[in-house]
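Chains A and B, in that order, give the protein sequences.
Mind the numbering: the first sequence is residues 1 to 319 in UniProt numbering, read in order.
Mind the numbering: the second sequence is residues 1 to 554 in UniProt numbering, read in order.
Think of the hints as simulated: they come from the structure by calculation, not from any bench.
All values reported here derive from a predicted model rather than from experimental measurement.
For every residue, glycine included, the Cβ atom is placed at its ideal position computed from N, Cα and C.
Just to be clear, a hint being listed does not mean it is correct.
What the hints assert, rightly or not - Covered stretches of chain A, as calculated for chain B (at least 3 residues, CB under 8 angstroms):
#1 52-64
#2 173-181
#3 203-216
#4 232-245
Residues per chain are reported as follows:
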Amino acid sequence: MDTLLYLTRRVLQSLAVILIVTVVVFCLLHALPGGPARGILGPQATAQQIAQFDHEQGLDRSLPVQYLYYLRTLLHGDLGTSYTLNEAVSRLIEQRLPKTLVLTVLSALAGLALAIPLGMWQAVRRNKPVDYVITTLSFVAYSTPVYFLGLVLVLVFTQLLPWFPSQAPQGDTLGQVLSQPNALVLPVVAGAASMVAVFSRYMRAATLENLSEDYVRTARAGGSRPRAILWRHVFRNSLTPVVAMLGYYVPVLFGGALVVEQLFNYPGMGLLFWSAAQSSDYPVLLGCVLVISVATVVGTLLADIVQRIVDPRVKAGRS
Amino acid sequence: MTADILRIENLGVTFSTETGEVAAVREVSLRVGPGETLALVGESGSGKSTVALAAMGLLPGTARATGHAVVGGTDVIGATEADLAGLRGRTASMVFQEPATALDPLTRIGAQIAEVIRNHRPVTAKEAAGEAVELLRRVGIPDPGTRASAFPFQLSGGQRQRVVIAMAIANAPSLLIADEPTTALDVTVQAEILDLLRSLAADFDTGVLLVTHNMGVVADFADRVAVMLQGEIVETGPVEQVLLRPTHEYTKRLLGAVPRLAVAEPGADSRRTEGDRAAADPVVELRDVSVRFGRGRRAVRALDGVSLTVGAGETVGLVGESGSGKSTAARVALGLVPPSSGSVSLFGADLGRTRGRARRALLAGVGVVLQDPVASLDARMSVAECVAEPLRVHRRGMPASERRTRVGDALELVRLPRALAHRGPRELSGGQRQRVSLARALVLEPRLLVADEPTSALDVSVQQSVLEVIAGLQGELGFACLFVSHDLAVVQQFAQHVVVLRAGRIEEEGSTATTLLHPRTDYTRRLIAAVPVPDPVLQRRRRAERRAATGVTA
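Throw the hints in and build the complete structure from the sequences for me.
Written as structure tokens, this is what we have:
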């Protein structure tokens, strides 16, 4: 199929998905008890004050009207104003998103850089001690909650072995954040741990499957060395299913960021989301969800495009 | 005579499985000289492929080999992986059965060939790429300069096999091991690939170890034959002697079971007399049926104006190469694929206009047997449950005791012991499984049996017994049979009427006896000419004739 046509179709699909997400989240948030007025004005507020707040914020109109109103302002790049922080949501996201992106992208890259060779190593050494050890560690890493792992990391590497600071880099600009790489190590490790666990399993399974493929036997019959076969053929073939999984992993990464940012006092999207959820700050919550869903959709889209580049069969529309 | 390029002495191979050690090959000795072709034949499980893999040092990790397999002076048994890598692709090469999976799907074919070259010779990447193009030209890939940058999925099965062969001959090896190299291919493609292998082996004076189950291929290609049974060689000798005057009981039985395509004597009178076909009372009738898959420019016309009928008690054979639409036609008759145009009538009712319960009642009169006996039975059900399923679906009111009796009767019909009823399909052999499929197809006493390549996955001796069961039951129960097969010899033996399909259209049809002996169209003639017959003398004449007809000069 024509590449341009494919891209257009996929982008339109992605937009549709994002739209549906906003509808669902909008409905869910409004179904929550309490409402923002009570959360913002406090328990002392009178019924009249609450009614006035609702009227000012348009909360007394019907849900579809509120939603359409929200959507219209959204199209102007206006995500509304935070109830509690007295600032435009778009401005808040603008400040916080780059920091979270630094954290998640670094975690993802570090995680993959470790997971892919580990998984391949396990596959080559299948059912040998190395395989069992890494498998065990993977399950430990995967089943350990991020906050617990983070606490252990802080305890070990800031208190027992004072190698790293316990706080993530402070400062508002990307330059400031990146100028303290030492302080980024622990948050990135905490964020990457489950990623290493999950993706080394994927990579192990994919590599094992490919090692038993006929083309490996053909390559051996042609006199290729095992190492050459592994890197020249098996690696690329195993990577395609793993790349496909990457898109779906974006929300998990954001979920991890929520905890990591809290733990290392790193004011990114995670912290913003967390405090907004606690104070029923609808505009901020919707903004965050929108950003995360856009990131997920974009991640999936990128994964599909990468797969199209790596695997010529996808482009030709064959499985 | 020069030294043998392959000498196997007292080769033994055992596999360690969960249930203990299994000896797959015992005391096998054989040799292949330069320029000579030795065919290793036998049925599945006889160990012939294991011998081939052992000679390349490609046995899986669970196998243990003893004895000697000397390739060009090096004993492969016990050699290090590094020694083997130096041998493979240079001294000895291999061509595999399944061209669909033998190539790396993500690497361009030119690069895959160049890799084999550079494994053994210190040439630059550019020189290797140039040689790869030259090799592609040699194995008959059109426009090799452009095709070298194609990916395997962009090639047909026959072309892929040519690429695998190009890889195998890249360093002019002195031994070529071919494991069922044409089994996955259409007969016409098979003939081309065999011609190619023959001319390449002659050019390089290469010794060939040909592993195959197909006696026609043996007759076409081999100088000598070794027959394997249960891991041992039971008979070996020159091809004429083994195929025409076999001495061992097993070889005689094996050759007796091979369906032979009766062919017109070369140069014989080719007039045909067409008897009237008693086409009264059609059980199933396809009228001008077309089937399109997909839409717009990318639509594929699987069937194009096909009309055919199967009368009561009659067997109609549907033949053609892969992609000719024969399986699609069978599916249309089964109501699984709706025709894009045209109509299907089943037992006199228009299938396209019947809905709901009436349609189900109609389809209950059709039994089906499919090609793959492993995939077509649910591994989680017992044999009895598999056979009882149609009764549960179509005869809901039937009491369990009667159902049990009917299942037992059906198993008896296909000559399976009732004791098998509680086994799982996995515990049965391929032939037994296919008879379970047949019992399931017959348990509702259908008026029509649709059999889509029912014996293609089976060994010849098993194929014969399954076909005998079907034919015997047809005489007894009188059902009509739509029989899809790529094997012209089987169809000739089994069907009274034959329909030859080509690219979704009917090329020709008629009574089997006359159509396959004296075909009217060039296509059918080519199809028949490409089938190798298991008689080396006759096959040599047929090959010469076919080449003269197609203008091959090699």
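Here is how each hint holds up against the structure:
1. With a cut-off of 8 angstroms between beta carbons, the stretch 52-64 of chain A has 0 residues touching chain B; three or more are needed, and the interface restraint is violated.
2. Three residues within the 8 angstroms Cβ limit are the bar, and the stretch 173-181 of chain A against chain B gives 0, so the coverage statement is violated.
3. As drawn, the stretch 203-216 of chain A meets chain B at 3 residues by the rule of a beta-carbon pair under 8 angstroms; at three or more, the given contact holds.
4. With 5 residues having a beta carbon nearer than 8 angstroms to a beta carbon of chain B, the stretch 232-245 of chain A meets the requirement of three or more and the stated coverage holds.
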